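Number of protein chains: 2
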Amino acid sequence: MNSNFISSRLKVCRLAIDTYRENVAYLHRDCLVYRAEGFQALAKITVFMDGQQIQAVLNVVDDEAIVGPGQLGLSEQAFSQLGAAEGEEVRVAQAEPPSSMDAVRRKIEGERLELSDYREITQDIVSSRYSKMEMAAFLVATGQNGLDRDEVLSLTIAMLESGERINWNEPLVSDKHCIGGIPGNRTSMLLVPIVAAHGMLIPKTSSRAITSPAGTADTMEVLANIELEPERMEKLVRTERGCLAWGGTTRLAPVDDMLISVERPLGIDSQGQMVASILSKKLAAGATHLLLDIPVGATAKVRHMRDAMRLRKLFEYVGDRLNLHLEAVITDGRQPIGNGVGPVLETRDVMQILQNSPNAPVDLREKSLRLAGRVLEFDPDVRGGQGYAIAREILDSGRALAKMNRIIEEQGRQLEEYEPGKLSFEVRAKEKGVVVNIDNYFLAQVARLAGAPIFKGAGVDLYRKLGESVLKGEPLYRVYAEHQSNYDFAYEFVGTNSGYVIGDKMDIPSVFVDF
Amino acid sequence: MNSNFISSRLKVCRLAIDTYRENVAYLHRDCLVYRAEGFQALAKITVFMDGQQIQAVLNVVDDEAIVGPGQLGLSEQAFSQLGAAEGEEVRVAQAEPPSSMDAVRRKIEGERLELSDYREITQDIVSSRYSKMEMAAFLVATGQNGLDRDEVLSLTIAMLESGERINWNEPLVSDKHCIGGIPGNRTSMLLVPIVAAHGMLIPKTSSRAITSPAGTADTMEVLANIELEPERMEKLVRTERGCLAWGGTTRLAPVDDMLISVERPLGIDSQGQMVASILSKKLAAGATHLLLDIPVGATAKVRHMRDAMRLRKLFEYVGDRLNLHLEAVITDGRQPIGNGVGPVLETRDVMQILQNSPNAPVDLREKSLRLAGRVLEFDPDVRGGQGYAIAREILDSGRALAKMNRIIEEQGRQLEEYEPGKLSFEVRAKEKGVVVNIDNYFLAQVARLAGAPIFKGAGVDLYRKLGESVLKGEPLYRVYAEHQSNYDFAYEFVGTNSGYVIGDKMDIPSVFVDF
Chain A
2 MNSNFISSRL KVCRLAIDTY RENVAYLHRD CLVYRAEGFQ ALAKITVFMD GQQIQAVLNV
62 VDDEAIVGPG QLGLSEQAFS QLGAAEGEEV RVAQAEPPSS MDAVRRKIEG ERLELSDYRE
122 ITQDIVSSRY SKMEMAAFLV ATGQNGLDRD EVLSLTIAML ESGERINWNE PLVSDKHCIG
182 GIPGNRTSML LVPIVAAHGM LIPKTSSRAI TSPAGTADTM EVLANIELEP ERMEKLVRTE
242 RGCLAWGGTT RLAPVDDMLI SVERPLGIDS QGQMVASILS KKLAAGATHL LLDIPVGATA
302 KVRHMRDAMR LRKLFEYVGD RLNLHLEAVI TDGRQPIGNG VGPVLETRDV MQILQNSPNA
362 PVDLREKSLR LAGRVLEFDP DVRGGQGYAI AREILDSGRA LAKMNRIIEE QGRQLEEYEP
422 GKLSFEVRAK EKGVVVNIDN YFLAQVARLA GAPIFKGAGV DLYRKLGESV LKGEPLYRVY
482 AEHQSNYDFA YEFVGTNSGY VIGDKMDIPS VFVDF
Chain B
2 MNSNFISSRL KVCRLAIDTY RENVAYLHRD CLVYRAEGFQ ALAKITVFMD GQQIQAVLNV
62 VDDEAIVGPG QLGLSEQAFS QLGAAEGEEV RVAQAEPPSS MDAVRRKIEG ERLELSDYRE
122 ITQDIVSSRY SKMEMAAFLV ATGQNGLDRD EVLSLTIAML ESGERINWNE PLVSDKHCIG
182 GIPGNRTSML LVPIVAAHGM LIPKTSSRAI TSPAGTADTM EVLANIELEP ERMEKLVRTE
242 RGCLAWGGTT RLAPVDDMLI SVERPLGIDS QGQMVASILS KKLAAGATHL LLDIPVGATA
302 KVRHMRDAMR LRKLFEYVGD RLNLHLEAVI TDGRQPIGNG VGPVLETRDV MQILQNSPNA
362 PVDLREKSLR LAGRVLEFDP DVRGGQGYAI AREILDSGRA LAKMNRIIEE QGRQLEEYEP
422 GKLSFEVRAK EKGVVVNIDN YFLAQVARLA GAPIFKGAGV DLYRKLGESV LKGEPLYRVY
482 AEHQSNYDFA YEFVGTNSGY VIGDKMDIPS VFVDF
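One line per chain: the protein sequences are A and B, in this order.
Everything in the first sequence is counted per the working numbering, starting at 2 for the first residue and increasing by one.
Everything in the second sequence is counted per the working numbering, starting at 2 for the first residue and increasing by one.
By construction, these hints were calculated from the structure, which means they are not laboratory data.
Every value quoted in this text rests on a predicted model; they were computed, and no experiment measured them.
Selected chain B positions facing chain A (Cβ under 8 angstroms, derived; list incomplete):
(1) Ile18
(2) Pro98
(3) Gly144
Reference listing, derived: stretches of chain A covered by chain B, where coverage requires no fewer than 3 residues with Cβ under 8 angstroms from a Cβ of chain B:
(4) 19-28
(5) 54-62
(6) 103-111
(7) 141-150
(8) 262-269
Using N, Cα and C, we set each Cβ at its ideal position, and we do this for glycine too.
Model the full assembly from the supplied sequences, consistent with the hints where possible.
Laid out in structure tokens, this is it:
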């Protein structure tokens, strides 16, 4: 039932305004349609053209230079989604709310939803029928303890079905994912060349940083082009068995990206949404085997062992039912992994390890080898417990470095030379003792204030880690910036607090993790 | 702490785009600021000018005719909120989320919030620091059973404090409110002249219809100007003791309007939000005594007696603590009140009652007299139980009509003559029997499809009410439209269903209400 009027004809025009994932339509205030229909700015309208229709949020324009009274302006995404030609005739009507909002309202009232409900919801979201506020309502209603584990499974399936799914036509497609929250921690850039050198398929895509000082994509970009066309990525993966590309395509589980664009600014997330988001992306990318890294620590994303265990079980429950071979390891998230935080400094750590340099950070090397070992054990021909030794052999022999260089060449070597920022200052210990705590969140903030990840050379270089002794006045870390304003922000931020706690060896928090 | 960079200077320009209550800023894609800061469309930014700052959602523009690379375009509301002159220099930075979102996140996690939290939240909302999605998150988190009664009290106080508060400097300022959902039911247009004729102050403001076929404001507009400047309204109320004006000002409890603009399209509401919304508006308007009409019926907003009782207790709890003399009556919401549905038809009913016409609908007259009687009993000099007789005497004597005419003259008589729409058709009974059900929601839909409230003459005129007998083929109601397309929509809608159930007198649902 359409409870509204369909307007007389309007001529459509493309407005060169990018409204990201929200369709916006522009009507002149003197347009007869606007006045007759009692529309209001921010109302949602449906735009009809022949068989096509899209939904858009209405903005009202008072300037004929932008749109005239007989026109309907559409933002770039809306225009291309409708597929209209400039000047084509369209009609508009007040939009009905998407029918799946009934299910969202039932969820708000505490009901359990079925797979068919989640399918309808994701279908409406991917067709741009949800406004940002409708997405926010869905996220809040399904956040926190809003989803039981079968609902997480349903949501994962619905999100997976919302986009394309890559089929590599191989029996074993490995992947690795860290739920994040630990500065540095660039294990993927070591694990991928090791696993690919072994001959196992690992088509790794990563995200850019959103709230952290560097994602794998930002760091890899210091060395190589990361924005690969699908065909080029496939060719590379077939020849080299691995890649380190940016996953920022909307082809795979697009609903995930759309929900994240609302979730992030709201600062809300829940275990259920995290599991559905990660697993739908990985399954859409064609993974058959997945290793999950769940770091636990007082300043990590997961702060208690019981939460890590609950998250692991939830991943296992959903993964098992979707025929994904999934292993989750709970790792030490008490402090940053590696010395560098920020794209250039993290790249330096990674290359030192690949080059077997004596200065290479031991913690990042060890963690990467252990994770790579677990992935290698997905191979039926690798005996249980032998993965680590194989990984170490590949690294020590230089085969991992050679593989990394071939991946870099194939993706396109970054010709611009990057260096740590020219401006820098040290932060020193205020007393003698042992490092008993390093605040992950605080150090990530320092690196971001210094300009990471936008300015590649910005970041923090750690000189001391947990359990190490310092004398009063000895440096704890150095902050690098490329611009004076960033230097000043970071300098001011560490004025009263270094993010380190110096104390007695007895005060180091213990941790009971896989590694 | 500001964790971001403040940009170099941009020249601000006003874009004649009305984005309602959401500030939007437009940056050219080639603007250095856009590229350096890693902004993304839909990101929220802060715009700084001298001491002033506002927040806005970012749209990215590819057309220099809209904004150039050195400019920052602002939508109309954003431009006037900043108070800038065209071409003045501003800087921008990524906006921090509003600090009160911490409280919203705690609410999502199930915590109870304090008055100070609600004050922070409403302060951030009224300062346009909340995006629509943040408002949606707040509404969902506090919806359903999200608020206990002390939280409803806190939210009411916080919303009340978000705007101006009128002080009439009189000991008794009466008001009346119906929670809605019943077509027709124009009791305010009868109650106000009766109460004002008695000499009791009743500065009544009403809303326009949003989802219904007519609000009191839409109907009064058939007779008089309803958009009164504050000074004019005050003068009128001082001389005539009452008015029937549009309340669509943003001065009073503005947070309420802002939340409603998100709540309506989402189709979510909760008792707690309804109570806070209504009471904050009434208190801000200066009411000391309030009569609440809560209709109950199978197709009304409140469907069960237990929900009506719960709502009444919640109103009483909050009203008592805010020193508002509040009486709530639970009334018969099984069917429309009066015969007309739609602005012109409802006006006809009201004027027939004021003129003591023999054709006047008895149900609307009786309900209005009872409600008016209860309001008159707020007067300490009126003996309990005598209000109804006084109200009836005022109506029968023509004093109510005289008062109504003076109010109309003072507000400005509507010179255009309105009539029911020229196009009409009848809907007839398909069988003989007694009317045992009339679907409020269905008839409201018919009237809206016919064009109400936008086309004043559109609507439905009921010929039969609950308990009345009809023969097969006798008309149940007539639908009026002003335009053929509306006629067609309404005609098609009633093709398979009339909204009436004809049956046996025994099947009429019973109701146990005040009146």
